[in-house]
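Student: For the protein sequence lines, the chains are V and Y, in the order given. Residues in the first sequence are numbered consecutively from 1, following this note's numbering. Residues in the second sequence are numbered consecutively from 281, following this note's numbering.
Careful: at least some of the hints might be erroneous.
[Unchecked claim] Below, in silico cross-link-like pairs of lysine to aspartate or glutamate (EDC-like), each with a Cα-Cα straight-line distance of 16 Å or less:
(1) Lys-520(Y) to Asp-136(V)
(2) Lys-527(Y) to Asp-142(V)
(3) Lys-240(V) to Asp-416(Y)
(4) Lys-415(Y) to Glu-509(Y)
(5) Lys-135(V) to Glu-481(Y)
(6) Lys-439(Y) to Glu-481(Y)
(7) Lys-528(Y) to Asp-136(V)
(8) Lys-415(Y) to Glu-237(V)
(9) Lys-528(Y) to Asp-142(V)
(10) Lys-135(V) to Glu-517(Y)
(11) Lys-248(V) to Asp-422(Y)
(12) Lys-212(V) to Asp-51(V)
(13) Lys-415(Y) to Glu-353(Y)
(14) Lys-552(Y) to Glu-531(Y)
(15) Lys-492(Y) to Glu-434(Y)
(16) Lys-123(V) to Glu-201(V)
(17) Lys-387(Y) to Glu-353(Y)
(18) Lys-415(Y) to Asp-136(V)
(19) Lys-247(V) to Asp-422(Y)
(20) Lys-248(V) to Asp-416(Y)
(21) Lys-438(Y) to Asp-493(Y)
[Stated by the list, open to error] Using C-beta positions, here's what the derived DEER-type ranges look like:
(22) Thr-34(V) to Leu-309(Y): 52 to 62 Å
(23) Val-163(V) to Glu-435(Y): 29 to 39 Å
(24) Arg-508(Y) to Asp-142(V): 38 to 48 Å
Source of the hints: derived by calculation from the structure; they are not laboratory data. These numbers were taken from a predicted model, which means no experiment stands behind them. For every residue, glycine included, the Cβ atom is placed at its ideal position computed from N, Cα and C.
Here's the letter readout for the chains.
Number of protein chains: 2
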Amino acid sequence: SSMDPQINRPSSRFLEFPHLSTSHRNLMLDLVSTMETTLSSHLLPSSLPPDIQYFQNQSATSQGSLHIRSGNENSLVDCILGSWIHCELPTGGALDITTLTAYLNTKTDSPRFLIEFLQSSPKSLILLLDLPPRKDLVINPDYLKTFYQETHLEEQRKKLQNVTEIKPYISSSLYIRCLLSPTAITVTVDSEAGGPIRMEEIIRDHVGPVAKDMLEIWLNQCVSCGGREMEESEKVELEKRDILIKKKTVEMDLASSLPRLFGEDVASRVIKAIEKAFHI
Amino acid sequence: SSMDPQINRPSSRFLEFPHLSTSHRNLMLDLVSTMETTLSSHLLPSSLPPDIQYFQNQSATSQGSLHIRSGNENSLVDCILGSWIHCELPTGGALDITTLTAYLNTKTDSPRFLIEFLQSSPKSLILLLDLPPRKDLVINPDYLKTFYQETHLEEQRKKLQNVTEIKPYISSSLYIRCLLSPTAITVTVDSEAGGPIRMEEIIRDHVGPVAKDMLEIWLNQCVSCGGREMEESEKVELEKRDILIKKKTVEMDLASSLPRLFGEDVASRVIKAIEKAFHI
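Okay, chain V solo, but in the shape it has when bound (with noise of 0.2 Å):
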């Protein structure tokens, strides 16, 4: 199929992260590469038309990028997300977000992954960096010993702890803060006197290393182990969570924002896309 752009040029745009400065847009590549490499026998190869790949509104004002690969027949890879947006602010300075996310399917209960990055300025970002889980962990005890203390995920989050331009970061949505695991990291950068110089350096030499860390945790402890056995009865509440999880996320992140930065038509067009990625 040498004549599919798509296949060709698998991604070109997500992977350019046009906006991003060279630490982070390493990091970026870095994961993005590892996590596709991977998991290269469970993916599908990306169907996303180029008008999704990437998009804009009508002044250029506001960019972003799509990328979606869904997990083929026997993988537990439900699809794996990533994404960037950059906006224009009428303040002169401009917000960037990226992400990078995986879903799982009804073959595990094991956590999902999730990178993202909010930066309103080159001296300033927020970081949520988690293994989000997909089970009540109260009611799961041993869920939150195999996933969350027996991975030693909270030694990852202190080592960001450490760093003195790290503070720990609330979001200021409730639904959200319930996602997270108890050891997500949700954290601000602002390397207000180190300037962009800092912040690189924040990038390259703390937020990578854990980041990278904690995919790894992620491909060896949740998807390359194999499927965890379950009761079909297990199997719908599991698969009802997801799927609320994943209609509650395009609610809460994308169905008001996305048309106020790009329009109705892009927006739509954007959002179809992800909900035919996640089936809801």
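Starting from the structure of chain V, add chain Y where the hints point.
Tutor: Then chain Y, alone, in the frame of chain V:
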């Protein structure tokens, strides 16, 4: 029954709070009194024997008090439980843990109430203050809305955020993190510069008003408004969850620390009294 010392001197030892500072003792007395007065028609008298109302180790370096009132037949209250523990430390100081918590039964699924102080010096303490949820908030966004968004608990949390000496605290127990709501107040209060006098001010002027407001919210929105209709299967799930939380709480908070502090005999007596009130 004027011959019954339990009823003549209800919980006298508990309400002494002999090791707390004035404003801290006043706050605890206020909270216990508000809770017991408002719920007076719900509660049975205390039936704890004197050696559980107050207990100590052989050398009296560790002292403790337990206070339990179970709900009566028509009540939504399962039990309210107050306790304080005072332990002299080998290093010279002392640790004081003061708790007031309330459990509800399956006539309602509304949240519990919890306040806990862990104080290791007159200038430093940890505060946990929350209405811990009784359902998985991820799959119950309506519950999140009713009890956390519409009650504006986030505003209470933010009030304490603005006090210089108050910083976010993250419990070392992942399970405790899971038990708390997204609006939980989990903070350290560190009045190193201002000393014990400043700590008194912070408890009186900042912690106290927030704790009292949150107790009012809990009493009005979770208990006094009556039960919440549930299907039988929901009640079964809720009861399983409540029981598991009680068991884990005894296991984490008491099973290892009480024998160490008070010896096996005292510890076993106290734990049995709690397990009896918890129906576990």
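Student: Need the list of violated hint numbers for this structure, in ascending order.
Tutor: Result: hints 5, 12, 13, 24 break, sorted rising.
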